[in-house]
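Residue numbers (our numbering), protein chains in the order written: chain A, 1 to 273; chain B, 274 to 532.
By construction, these hints were calculated from the structure, which means they are not laboratory data. Note that the Cβ used here is the ideal one computed from N, Cα and C, for glycine as well. Keep in mind that a hint or two might mislead.
As the list claims (entries may be wrong) - Reference listing, derived: stretches of chain A covered by chain B, where coverage requires no fewer than 3 residues with Cβ under 8 angstroms from a Cβ of chain B:
| # | region |
| --- | --- |
| 1 | 27 to 38 |
| 2 | 113 to 119 |
| 3 | 215 to 229 |
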Amino acid sequence: MTATRTEPRPGVTAASKPPVRRRSAGTPMRGLIPLALVLLLWQALGNSESPYFPPPSAWIRALKPSLDDGTLYAGLGWTTLTVVLSLVLATTLGAVLGALVGSSRRMDRAFGPSLEFLRVLPAAALVPLAALILGYTMQMKLAVVILPATWPVLLTCRSARRSMSSVLVDVTRTLGLSRRQRIRKVMVPALMPAVLLGLRVSAPLALIITLLVEIVTRINGLGALLGQAQANFRSAQVYGLLVIAGALGFAVNWLVTRAEGAVAARMSGGPTG
Amino acid sequence: MTAVLRRINVVGIAAMFSVLVLWELSVRTGLVTFEYIPPPTRVVAGLGEIISSGELTTNLVHTLTAAVVGWAIACVVGVLAGLALGLSRATWTYSMASVDALRALPIVAFVPVAVLLLGFTMEMEIVVAFYAALWPIVLNTVAGLRSVEVRLLEVGRVLRLGHRGVLWKLRLPAATPFIIVGMRLGLSVSLVLTLVSEMVGNPAGLGFALLQKAQSLQPEQMFAYIVVIGVAGIVLNAVLMALARLLFPGQMAASGESA
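Given these sequences and hints, build the entire structure.
In structure tokens, the structure reads:
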């Protein structure tokens, strides 16, 4: 059971075109030594008054006020909320649309080019547009994040649905399953790995776009704090916030990978249990 | 002849076109009453305006120069770093985790740091584009070098290829499709991050033009810029793929990227 967790399932790797999968579990922690050395040297040799390269201890000191008055927690909360909400909506939207588009060859051909164009459109270009149409609101933030986060799920789900064996679909007809049963018993289990694979691409993307919207528009969140700190030339605070953004990114990746592992383990044990 | 016709996706183009017509009609008839959504014909007019005033060319050249220069530097550095990590077990053991940790930092969060260090300059944009493109290239190079089949390496040993022979004749050719994928990812990321650095920092190029058009309430010109940005991304990617196929026909065909 545990062995299947770390190994990608064959169907999953086939769906992901660039096989960038690394054995992340196998990356030894010793590899952190260079990074730690750089930070230590920075701390030892850095001048705490430096306007450009303040040492790590100055970062912590610079973050202290925002920790005390709670603005940092509020910013983290807003950013996390935006990422989670938009990921939930984007995954649902992407999975349903992907399954629909992939279910018929004709639909696939008809909508393929439009989807491809929308997919390559850089999300950054949409920020000013959304701000103009929806104003500086939470809805605007969600709209800007959801759109790019939908594509990875939609596209993997579409290709998984397209390559699904037609026997699987026919069997449900032979068994006389209702539409609901067909979706619940065949479609969802068959497409789940693809959706999760898409989610793994979407999750870091959603965080990046959220930070981007916040930096550009200064709507509450971690990105807004970063933008303000930069505009006021508080370099130590910028570095500190950068580290926190990194920790958030790490947490998001970890959670998604864990969720994927859990679902994969449950599904591989599904037919017998 | 029919084969060529079949390759052009008529239905897909028709669907795209009908969406545009639907959009035009719904704005004209007042079905959609968003104040700042112009119909496609007005967007085309806006495109004409920015072309004839010459600002499109200036901005496009500025942004593409920054993105491509940063990306090119990242290609050289990224492939070299990837080779160091992928070929030497010791280097990999003692630095891969650092690479992973740095990669986990959201790239956009680096833009404020770059603005802080380099100010509102073209160099800042290039550095951001470089940093953004670096990680996919490094990771894919490492993955490509590690993907070489053991049996292939055994063949190399049987043929007594030696270290350099194995590198040039087996490992690099096998890694090429991976490296190209990394470069493609890197190119699109560096374009996006160049736009971001123009929105947040350097007031020049396409990114700043977008903000400017939004603030001066000229949505048709802004839409025109968005379309240009989308097309620019597609064209850059197509050029890269064409180059890759020209330079490495065998390797690209082997990875199923020949068509």
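Quiz item: Mind checking, does the region 27 to 38 of chain A have 3 or more residues with a CB under 8 angstroms from chain B?
Solution: holds (count 9)
Quiz item: Can the region 215 to 229 of chain A be counted as covered by chain B under the rule of three residues or more with Cβ-Cβ separation shorter than 8 angstroms?
Solution: holds (count 6)
Quiz item: Taking 8 angstroms as the C-beta cutoff, is the stated coverage of the region 113 to 119 of chain A by chain B satisfied by three or more residues?
Solution: holds (count 3)
Violated hints for the displayed structure: none, as all numbered hints are satisfied.
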